[in-house]
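There are 2 protein chains.
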Amino acid sequence: MPYQCGLDAAVDVIDGKWKVLILWALHERPRRFGATRRELPGISEKVLAQQLREMEADLIVHREVYEDTAVPRVEYSLTELGRELHDALGPLGAWGNRRIRMLQELEESSLAG
Amino acid sequence: MPYQCGLDAAVDVIDGKWKVLILWALHERPRRFGATRRELPGISEKVLAQQLREMEADLIVHREVYEDTAVPRVEYSLTELGRELHDALGPLGAWGNRRIRMLQELEESSLAG
Numbered sequence: 001m002p003y004q005c006g007l008d009a010a011v012d013v014i015d016g017k018w019k020v021l022i023l024w025a026l027h028e029r030p031r032r033f034g035a036t037r038r039e040l041p042g043i044s045e046k047v048l049a050q051q052l053r054e055m056e057a058d059l060i061v062h063r064e065v066y067e068d069t070a071v072p073r074v075e076y077s078l079t080e081l082g083r084e085l086h087d088a089l090g091p092l093g094a095w096g097n098r099r100i101r102m103l104q105e106l107e108e109s110s111l112a113g
Numbered sequence: 001m002p003y004q005c006g007l008d009a010a011v012d013v014i015d016g017k018w019k020v021l022i023l024w025a026l027h028e029r030p031r032r033f034g035a036t037r038r039e040l041p042g043i044s045e046k047v048l049a050q051q052l053r054e055m056e057a058d059l060i061v062h063r064e065v066y067e068d069t070a071v072p073r074v075e076y077s078l079t080e081l082g083r084e085l086h087d088a089l090g091p092l093g094a095w096g097n098r099r100i101r102m103l104q105e106l107e108e109s110s111l112a113g
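Heads up: the protein sequence lines correspond to chains A and B, in order.
Position 1, counted from 1, in the first sequence is what UniProt numbering calls 1; the numbers after and before it change by one each time, with no gaps.
Position 32, counted from 1, in the second sequence is what UniProt numbering calls 32; the numbers after and before it change by one each time, with no gaps.
Derived by calculation from the structure, the hints in this document are not laboratory data.
Here a beta-carbon is modelled for each residue, glycine too, at the ideal position from N, C-alpha and C.
Don't take every hint at face value.
Across the chosen pairs, the derived CB separations fall in these ranges [said to hold, decoys possible]: (1) Arg38/B x His27/A: 35 to 43 Å; (2) Asp15/B x Glu56/A: 21 to 29 Å; (3) Ser110/B x Glu80/A: 18 to 26 Å; (4) Arg63/B x Arg29/A: 29 to 37 Å; (5) Thr69/B x Glu107/A: 16 to 24 Å; (6) Asn97/A x Gly16/B: 31 to 39 Å.
One-sided and incomplete, this derived list gives chain A residues near chain B with beta-carbon spacing under 8 Å [to be verified]: (7) Ala10; (8) Trp18; (9) Glu84; (10) Pro91.
Here chain A stands alone, though its shape is the one from the complex (with noise of 0.2 Å):
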């Protein structure tokens, strides 16, 4: 766990193009496995599993199982540490979207050029 810097293990835990949609659909409402995997189109139940179990080893996802019902039901939600984490990802998104636009600004000018 050498961290440089803040930024280092803050990009460590969203790696990957998964982690960050699956904070987003956990952010809304606790999920079960099959409606979180709903939010993620293209997202297979091994990769959904696996990146789970990255993010509840990073303490940002919390795994709850209820037994009070024949077959147990396992539910997922963000901890807080999650919930800061989505937060703290607001002014990166809007950045990205500025980015969006500038691109297709771009591409709209290249193609009237």
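Please build the complex by placing chain B on the supplied structure of chain A, with the hints as guidance.
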């Protein structure tokens, strides 16, 4: 460039461990190649040149060539979009520092346990 959301477009630009550190180094002030490299212990010339080229293509770094000396000087600086990205990463860096402290506390308590 088909991004699902702003965060996709942002995480795509800061992939890998060096770009965030290059952003930090150039945010302080414009720097030449050698001076940039000295801020990044462990980076090779080849990798730094590649990262700078990608950041230039992503419109977050500007490369200026000065011809007023016998040997032209090349200087790298952040574009406005680059400075905005640096600022948007602030909250993420703060979150990462909180995570580092938390991991250290866990480590200390497990040693003391």
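Structure-based check of each hint:
no. : hint                           : result
1   : Arg38/B x His27/A: 35 to 43 Å  : 40 Å, holds
2   : Asp15/B x Glu56/A: 21 to 29 Å  : 24 Å, holds
3   : Ser110/B x Glu80/A: 18 to 26 Å : 20 Å, holds
4   : Arg63/B x Arg29/A: 29 to 37 Å  : 46 Å, violated
5   : Thr69/B x Glu107/A: 16 to 24 Å : 38 Å, violated
6   : Asn97/A x Gly16/B: 31 to 39 Å  : 22 Å, violated
7   : Ala10                          : 3 Å, holds
8   : Trp18                          : 11 Å, violated
9   : Glu84                          : 6 Å, holds
10  : Pro91                          : 4 Å, holds
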